Amino acid sequence: MPNHCRRVAVVCVVAAAFATSAQAQMLDARRLGMGGVATSDNGASRTANVAFRAVPAGRGTHSIPLPIGLIQYANDHPTFDTDDPDFNIFKILDLASNPPLTLSLSKPDEVSGDISIFVARDSLSVDLDDVRRAIPEEAWKMGGVYHLMAIGFGVKNFFVQVVPTIHVRNEFDLDDPLRRALRDAEPFTGNTRYGTSDEGVAQAAVAWQAGMTLRPLYRLPADANEGDQDDPSADDPRRNGATAFYMGAAPKYYWGLAYGSVRGQGGITTGDTLFGSGDPVAIDMTALTRHAAIGQDGGSGHGFGADVGGVFFYKNLELGVGVNDLGSEIDWKTTVKQHVYSDSLNEFTTTTLGKDIDFTSRIPAALTVNVAKRMGSMMVAADFVDTELKTMVHLGVERWLGMLAIRGGAYRDANGRWQATGGTGLRFGGIGVDLAVATHSRNVEEERAAELCASLTLY
Amino acid sequence: MRRWVAVILMLPFLAAGCGDRSLILTVDVLSFLDPADVSEAYGPIPAGLTGVSVDVASEEVSLLPGVEDVTEVSSAKLEIGASFDNTTGSATGQLQIFITSADSADVYSTAPIADIPVSVTPGNVTNVSTEVTSDALAEALVQDKVKIGVRITFDTSASLAPVQGTETITLLRATVITKKKL
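Those protein sequence lines, which keep their order, are chains A and B.
Just so you know, we're using this note's numbering here: the first sequence kicks off at 1 and counts up by one.
Just so you know, we're using this note's numbering here: the second sequence kicks off at 1001 and counts up by one.
None of these hints come from the bench; they were simulated from the model.
You may find that some hints are simply not true.
[To be verified] Sample of chain B residues at the chain A side, in silico, Cβ under 10 Å:
id : residue
1  : 1024
2  : 1026
3  : 1029
4  : 1030
5  : 1033
6  : 1101
7  : 1132
8  : 1134
9  : 1137
Here the structure is a predicted model, which means the values were calculated and not measured.
Just so you know, even glycine gets a beta-carbon here, dropped at the ideal spot from N, CA and C.
Given only the sequences and the hints, what does the whole structure look like? Please build it.
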């Protein structure tokens, strides 16, 4: 394989890993120290609940990441040269999963080791040694809904915006015999099918969105100092003890740019004798594809959806529920093709099953439920985030002791594993420095590691 | 056999991904031999002769095609074991293993990969074994197909009776350690 092809392959693998993992890394040390929890005054979670737009900013902060991991990367980074004896694709994938913006405190053991194959006339076993750790016990799932940079403006309670939206989802799986053969080094056996399956969908659209937020309920306690310019909490329902309800809704029209999906499976079926005479292995591969694209087959798609949300405050307790992409569907005119591999002819046969077939794709909704309680200098918060591929829970607490903040938290990550976080911060007037230490499993091996995150906070 | 190529050839790529690691390929060559060639009767060889050769087996064996294309062999070894169930006579000699590429006209025309001294006595079973490594062996074992020959050469000059018995190959296992060549 030519060098440039190898490097292109490496770049593609890394890019794919970046696409799926970059958003998982949190660079706001204050938020990370609190388990990554979302609240209405947390800028990172503003898009999680459209009703947050209506809530006064209060003591809202802005975080500026400090990429302290770049120093570590400069001193110790993997080689991208495939000719280098130290080249290790798993190191690069781990780098993609963890862009070197935070300081790595501990890493999982490097995936290494020799691969052993034993071949006999009726026996084949493959021992991938350490590489086995990179083969998950369940299907590889990757993707998400990505709302790219929104462009828009708002007037009073109304806003309009244009949001490029991408939805990607892919699920690749090994069947049980193949998984056992590769992960458990179980010998291959005769008359057995070893198969894989893949199901993927990708769609891109531009969402034209118009929204409105309301405050149907706002009742201050009798002793409130409403409008007090000297008290930053006077008009902040998070801290002024008000009973308040904010809600928002933003219907959107989707102009679908492209849609593509594939559902395929393939495998090999062994004969009576693994390496007997003749050709004892039968190969099967089939795939069903569906696509449409603007300017191409089927043209653009059209659909509707909405973001809705509400947040309720009662005696400094905050409870928010937000749903993004609720009921979001796009209608397409799709071309459907079936691709079947012929074992005897050693070639694929493609059959067009239909053109301009009506098809409605779905952009999966994301639900965010958050609760927070502020008690003077202390805040306790939690959230629950449910998306198409993952359900996450974040728990956090923050306590200010004068200029010093102490934080702790935990979160259930995308792999369902609980991680612990903690941090501290120093505030000097309108600026502060925050540090957070957190465990994570953002690596190919899905093993626990630890990182140190730093950021500046503007109060 | 060739259908396994797609599967097997993926593995060096995995190995290549793991730094300076190796693909260790172990082939039970014995299992690929025709059972009729694994055990062979010899004799009766008259007493008083030197350099009597018995060609036990000469067979073309399919190994793993494509391995040579994606890997560089760093070492190879062949483990050999045989037993001689000798009924009559006594002799000394050599058990020789030949491995050449499949397009070689005569497997016995090349230098043997292994040359194991053998001494048989009447009514006894003699077991011999050895392990050999060589560049020629390494080159041969990554070929798609190879010819394997087994020859026994006896010296019966000290025997009082014709030498007769059965030779059985008990172990013929090749191990090739390769590095990536992508």
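Quiz item: Can residue 1134/B be said to touch chain A, with a Cβ gap under 10 Å?
Solution: violated, 21 Å
Self-check item: chain A contact restraint for residue 1026/B - C-beta distance below 10 Å
Solution: The hint holds - residue 1026/B has a Cβ within 10 Å of chain A, the shortest such distance being about 5 Å.
Self-check item: Agreement of hint residue 1101/B with chain A interface, Cβ distance less than 10 Å
Solution: violated, 19 Å
Self-check item: Hinted contact residue 1029/B with chain A - closest CB pair below 10 Å
Solution: This hint holds: residue 1029/B lies near chain A, its Cβ roughly 9 Å from the closest one there, short of 10 Å.
Quiz item: Measuring from the C-beta of residue 1033/B to each C-beta in chain A, is the shortest one below 10 Å?
Solution: holds, 9 Å
Exercise. Identify whether the interface hint at residue 1024/B stands, where standing means a beta carbon of chain A within less than 10 Å of its own.
Key: This hint holds: residue 1024/B lies near chain A, its Cβ roughly 4 Å from the closest one there, short of 10 Å.
Quiz item: Is the interface hint for residue 1132/B satisfied, with its Cβ closer than 10 Å to some Cβ of chain A?
Solution: violated, 19 Å
Practice problem: Mind checking the CB of residue 1137/B against every CB in chain A and telling me if the closest is under 10 Å? | Solution: violated, 17 Å
Quiz item: Going by Cβ atoms only, is residue 1030/B closer than 10 Å to chain A?
Solution: holds, 8 Å
Going through the hint list in order, the structure does not satisfy hints 6, 7, 8 and 9.
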